[in-house]
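Asker: What follows is each chain in one-letter form.
Number of protein chains: 2
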Amino acid sequence: MAISHLHCLQSVRVSFPCHPSVSNNYYYGRDNFTRKSISLVYASTNNLDRDLHLQSKVETVLDSVKWDNRGLAVAIAQNVDTGAILMQGFANREAVATTVSSRKATFYSRSRSMLWTKGETSNNFINVHDIFLDCDRDSIIYLGKPDGPTCHTGSETCYYTPVFDLLENQQDKEDKLALTTLYSLESTIAQRKGELEVPQSGKPSWTRRLLLDEKLLCSKIREEADELCRTLEDNEDKPRAASEMADVLYHAMVLLALKDVKMEEVLDILRRRFSQSGIEEKRSRNSQA
Amino acid sequence: MAISHLHCLQSVRVSFPCHPSVSNNYYYGRDNFTRKSISLVYASTNNLDRDLHLQSKVETVLDSVKWDNRGLAVAIAQNVDTGAILMQGFANREAVATTVSSRKATFYSRSRSMLWTKGETSNNFINVHDIFLDCDRDSIIYLGKPDGPTCHTGSETCYYTPVFDLLENQQDKEDKLALTTLYSLESTIAQRKGELEVPQSGKPSWTRRLLLDEKLLCSKIREEADELCRTLEDNEDKPRAASEMADVLYHAMVLLALKDVKMEEVLDILRRRFSQSGIEEKRSRNSQA
Chain A
1 MAISHLHCLQ SVRVSFPCHP SVSNNYYYGR DNFTRKSISL VYASTNNLDR
51 DLHLQSKVET VLDSVKWDNR GLAVAIAQNV DTGAILMQGF ANREAVATTV
101 SSRKATFYSR SRSMLWTKGE TSNNFINVHD IFLDCDRDSI IYLGKPDGPT
151 CHTGSETCYY TPVFDLLENQ QDKEDKLALT TLYSLESTIA QRKGELEVPQ
201 SGKPSWTRRL LLDEKLLCSK IREEADELCR TLEDNEDKPR AASEMADVLY
251 HAMVLLALKD VKMEEVLDIL RRRFSQSGIE EKRSRNSQA
Chain B
1 MAISHLHCLQ SVRVSFPCHP SVSNNYYYGR DNFTRKSISL VYASTNNLDR
51 DLHLQSKVET VLDSVKWDNR GLAVAIAQNV DTGAILMQGF ANREAVATTV
101 SSRKATFYSR SRSMLWTKGE TSNNFINVHD IFLDCDRDSI IYLGKPDGPT
151 CHTGSETCYY TPVFDLLENQ QDKEDKLALT TLYSLESTIA QRKGELEVPQ
201 SGKPSWTRRL LLDEKLLCSK IREEADELCR TLEDNEDKPR AASEMADVLY
251 HAMVLLALKD VKMEEVLDIL RRRFSQSGIE EKRSRNSQA
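From first to last, the protein sequence lines are chains A and B. Position 82, counted from 1, in the first sequence is what our numbering calls 82; the numbers after and before it change by one each time, with no gaps. Position 201, counted from 1, in the second sequence is what our numbering calls 201; the numbers after and before it change by one each time, with no gaps.
None of these hints come from the bench; they were simulated from the model. Owing to the predicted nature of the structure, the values given are computational and were not obtained by experimental measurement. Errors might be hidden in some of the hints.
Here chain B is said to cover these stretches of chain A; the calculated rule only asks that three of the stretch's residues, wherever they fall, bring their Cβ under 8 Å from a Cβ of chain B [unchecked claim]:
#, region
1, 112 to 126
2, 132 to 139
3, 156 to 168
4, 183 to 193
5, 219 to 232
6, 240 to 247
7, 261 to 274
Built from N, CA and C at the ideal position, the CB exists for glycine as well.
All chains should be modelled from the sequences, with the hints used to inform the complete structure.
Answerer: So this is what it looks like as structure tokens:
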């Protein structure tokens with residue numbers, strides 16, 4: 001749903017400068033937090049009334065957040081395309097207000113007692129497309145697109161330490177990112193691709209066979225797409241349709257691996273299409289329908 | 001990557017009882033936290049040595065977590081299949097130890113000053129497949145599969161309050177979940193399906209046309225699958241392959257909408273296949289290769 005609002009929210013983005021002048025009028029102490037005054041100053045040459053109105057609305061939303069006794073709420077940055085949790089920090093009013101106006105994920109550093117925008121040093125900003133509050137209004141998601149690796153270690157995300165591997169004494173293995181099903185599958189296929197040069201004894205895995213035989217792979221993709229269609233044409237049951245879609249997805253992802261294309265790139269394309277009035281527009285433009 | 005370890009970690013699960021007896025020997029005060037002693041007691045009839053060894057390892061991992069001055073770390077529950085952030089709470093040592101042993105996402109309730117396992121009242125447990133620590137070791141992901149809606153409101157996740165909609169005065173609209181690209185697309189298609197009975201003037205959207213014309217839809221799915229294959233066969237460039245995959249995915253998802261199948265069901269199938277030695281096994285079993 002984040003996508004569908006990209007267009008209508010352009011107006012918000014336009015009326016807010018990218019790097020607003022936000023007065024540093026919050027005091028953050030060790031044990032308490034005092035909000036001295038509300039005076040976020042947004043510069044706007046063209047539409048002052050509109051900006052003041054928006055500023056007032058931002059203040060209302062910020063008032064509704066249940067800040068803890070330190071004036072903070074948990075802020076989680078999530079990749080809008082892959083769903084990967086990139087990092088987690090804390091945000092105060094000013095951090096959220098800055099994120100709203102700049103569209104760059106901004107946090108409050110408890111160790112340095114100051115605002116910090118992720119990427120201000122590394123240039124790996126997280127470009128925020130939408131912000132969500134939870135039911136208790138004390139937890140925030142910054143849903144956005146990272147410019148590069150989020151972790152200061154250079155890792156794509158900060159979550160690369162798997163507890164069950166540690167318990168299995170597998171801490172010597174290279175870091176393992178927290179991956180959800182689609183990206184875990186992608187990673188498995190990539191691993192098989194990386195092993196192609198290694199001679200293997202015994203029966204090769206199905207993925208290995210597909211990777212080594214483009215003709216077989218393409219015949220399977222066409223076959224699985226056909227079988228998916230037949231679940232509709234022949235009125236087959238739901239589990240059959242889900243299973244055929246799983247086959248289509250898996251085999252197509254093997255092809256993507258051969259082409260060095262990531263699922264994230266595919267999803268990026270879909271997001272852009274739908275935020276620009278969608279595939280419909282593309283289709284009508286190309287008269288493919 | 002979570003998937004690939006499901007199998008090897010069965011041993012951990014087996015040696016841990018589902019609901020271990022964990023002694024409540026942590027004191028949680030308002031301003032400080034005292035770990036009085038380490039004496040998690042795991043019952044095991046068959047393999048006491050192994051359990052003691054594992055218990056020791058769990059303690060070592062818990063020692064590595066950077067607990068705050070309240071003895072807590074942020075704990076985020078994420079859907080292993082969709083990537084949706086289900087909820088965020090806090091965990092102390094005991095909560096994480098309980099999650100490791102029971103495989104049910106468990107938190108520490110700051111308001112009630114006690115452990116609570118998500119689902120203990122609603123039965124909507126979050127079945128944890130893997131646990132990840134972040135680079136600073138003060139933030140935790142419980143990667144798992146929810147039995148039902150996670151939020152106490154009945155919402156699928158706790159994050160259904162979009163800030164930019166509030167700023168656009170769209171708070172009257174029904175709740176909008178924080179959805180990543182794939183699920184935002186799924187939601188858009190479902191919305192179009194829900195509008196099929198509503199007469200529309202003007203040119204119908206491409207999605208509407210596909211939903212109303214199964215023959216057209218299936219011909220497009222077969223055509224797009226063929227075009228995806230040709231990016232490999234004809235050695236077309238990467239952007240072309242990504243674009244064709246986006247077409248395959250979108251059109252296939254329109255078919256799934258007609259069949260009332262969710263992408264989550266498809267990913268659930270893929271996860272189970274790969275955790276049971278994968279599609280390879282299925283293929284070799286069925287001699288489809």
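Asker: Look at each hint and say if it fits the structure.
Answerer: Here is what the structure says about each hint:
Interface restraint, the region 112 to 126 of chain A with chain B: violated (0 residues with C-beta to C-beta distance below 8 Å; minimum three). For a cut-off of 8 Å, the count of residues in the region 132 to 139 of chain A with a CB near a CB of chain B stands at 7, and the three-residue condition holds. Given a C-beta distance limit of less than 8 Å, the hint that chain B covers the region 156 to 168 of chain A holds, as 11 residues qualify and 3 suffice. Note: the region 183 to 193 of chain A has 4 residues with beta-carbon separation from chain B under 8 Å; the three-residue rule is met and the coverage holds.
Using a Cβ-Cβ cut-off of 8 Å, 9 residues of the region 219 to 232 of chain A lie near chain B, which meets the minimum of three, so the contact claim holds. With 6 residues having a beta carbon nearer than 8 Å to a beta carbon of chain B, the region 240 to 247 of chain A meets the requirement of three or more and the stated coverage holds. Remark: the region 261 to 274 of chain A is confirmed as covered by chain B, as 10 of its residues place a Cβ nearer than 8 Å to a Cβ of that chain, reaching the required three.
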